[in-house]
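In the order they appear, the protein sequences are chains A and B. Each number in our numbering corresponds to the 1-based position in the first sequence with 266 added. Each number in our numbering corresponds to the 1-based position in the second sequence with 266 added.
Please keep in mind that the hints were generated in silico from the structure rather than gathered at the bench. Keep in mind that the hints are not guaranteed to be accurate.
Chain copies aren't distinguished; within one or between two, either way the pair holds.
[To be verified] Calculated pairs, SDA-like style, for lysine to any residue (alpha carbon to alpha carbon, straight line, at most 25 Å):
no. : residue 1 : residue 2
1   : Lys471    : Ile546
2   : Lys468    : Thr295
3   : Lys289    : Asn478
4   : Lys525    : His470
5   : Lys380    : Phe510
6   : Lys289    : Asn321
7   : Lys357    : Lys594
8   : Lys525    : Ser505
9   : Lys481    : Lys525
10  : Lys468    : Tyr315
Number of protein chains: 2
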Amino acid sequence: MPANQQILLDNRPTGEAVASNFKQRSSETPALQDGEVLVRHHFLSLDPYMRGRMNESKSYAVPQPLGEVMQGGTVGEVVESRSPAFQPGDKVVGMGGWQQFSVVKAEQPGALRKVDTTHVPLSHYLGAVGMPGVTAWYGLVKIIEPKAGQTVAVSAATGAVGSAFAALAKARGCRTVGIAGGPEKCKYGVDELGFDACIDYKLHKDAASLSNALKEACPDGIDGYFENVGGMVLDAVLSRMNDFGRIAVCGMIAGYDGKPLPITQPALILQSRLRLQGFIVSEHMEIWPEALKELGTLVAQGKLRPRETVAVGLAAAPEAFLGLLKGKNFGKQLVKLI
Amino acid sequence: MPANQQILLDNRPTGEAVASNFKQRSSETPALQDGEVLVRHHFLSLDPYMRGRMNESKSYAVPQPLGEVMQGGTVGEVVESRSPAFQPGDKVVGMGGWQQFSVVKAEQPGALRKVDTTHVPLSHYLGAVGMPGVTAWYGLVKIIEPKAGQTVAVSAATGAVGSAFAALAKARGCRTVGIAGGPEKCKYGVDELGFDACIDYKLHKDAASLSNALKEACPDGIDGYFENVGGMVLDAVLSRMNDFGRIAVCGMIAGYDGKPLPITQPALILQSRLRLQGFIVSEHMEIWPEALKELGTLVAQGKLRPRETVAVGLAAAPEAFLGLLKGKNFGKQLVKLI
């Protein structure tokens, strides 16, 4: 069996996550048992949710165990199979984690899924046609429930989730406004992702200033908002929400000191009769087929052309992940292994 | 026509509302036109929502106009009628405002409703079997949607809304926990209103302390919460919400400086996948008949015995209202006019 480079969580962050929280080691892939499949990973997915799982404290998922391979999505190719459901050469998406190879019990529901790379590049199954895309779909379709002509907004707009959100919202006839960090991202959001406007939050020192920019970009107010960040951005958006607006809460970052950033004017929830709803897409597996079908079609039609930032080699994963947490990536952050 | 004492909004509060914001005057009731009814008010309703409308800034209702009679719910008796739908002697509920008499266009939908005082005292149509009761019903039934055996909580628990909430939640087989200010109110909540437990928030200096008390009172966590106050109480409850919990947002007080009190840990909305929804019961008139029927039955059966605090005479209305804002009342705050 091949040698397998792996990255483990070695210790938990105190405050900001750092490279020394991780550790690389070499291991051997065990011989396959009946029903198992050996997958060689082509790409690892790096996602913001992984930061929450590095903490011991209550999050919405079981914490990443210490001393074990960092968990995460992977795409790759079957290299050996003792399952009738998979053949060597099959392209697959799974949760192989931060390592070169994984051994997967093929019959376990949801463990491994064959994908078609005729019209969709393999890596996109970790982004636009994968978990981030389905996340955007769920928040937009099941929580925001927009009508054509309404205005919807999304933060972290040029990331994997935001990119998919833009295409899905445009397909529903919405005015679609992004919020992102820096002029390059905002230009890309408008030119390539189809946002009607994209606001650079870094130009604004407080929520009041950002709120004024939102007023200009959303002259009819905001009917639906997809929240990836929280803090000042959420405060500003809340001030522009229309009556009966819906907010899908998908991500909330903490301040530099690790303390959560408050919602400063919660009375707006009442005054504007808003609905805020937190969700985790893995708890809604029933919608994945419908969502993946739409997302795959949008990619195949060229209506969703997600950008990727690709780090090369397993050893680059920790730094790429830390960069993602600081918004250094552009679009979906991947690690390419072969 | 009789002389009519009235209380107007004379000027808007800067910060805390004060008695000098109001002004009393005497006026004459105009002669009735065809289709109009003259009502003599027996009771005025005083409600927390009126404070929001005293401000000019955006609230969920049009601001109370300056120099006009304070708007508000009333119950009374028809003394003269030029409408075939009403006869002198009819007991009616309407929105007559802070005055002794009102002239009502009887055909206007929702303007005036005849009520039956055989089993329900007239004043209760301003509380348990009126707007506050229906408010509790909407938040519980349409937003919290509790299942039998679940735990639900309410702040301002012994007020008009909280009292009705307790009876409605008990009728649905919920563990029902109140949060109120002071030992007397908490004892009354348990002994008379049927709360399984009632927590005195005044015993707690911060959200962490209140959260510990909630843990004891809600050993299985909180599935649904009816929010009347916000601030520290909301922070504490958020920390005890179960996954997929629902929060009906009905009231949010501001701090002493007039600034809204923040939600300090909004990440809990995501971590616990909560749904928060603001609402105003007057926007959901379709549910009033069903809600009033259940509330009237609970009162007639003695399962909802709401307490009332009654100020006497129109001139007492401003001070009674200011006391209500400080929690000095006990149950539904009314002003008795005759």
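* Starting from the hint list further up, note which numbers the structure goes against and sort them upward. => 1, 2, 3, 5 and 7
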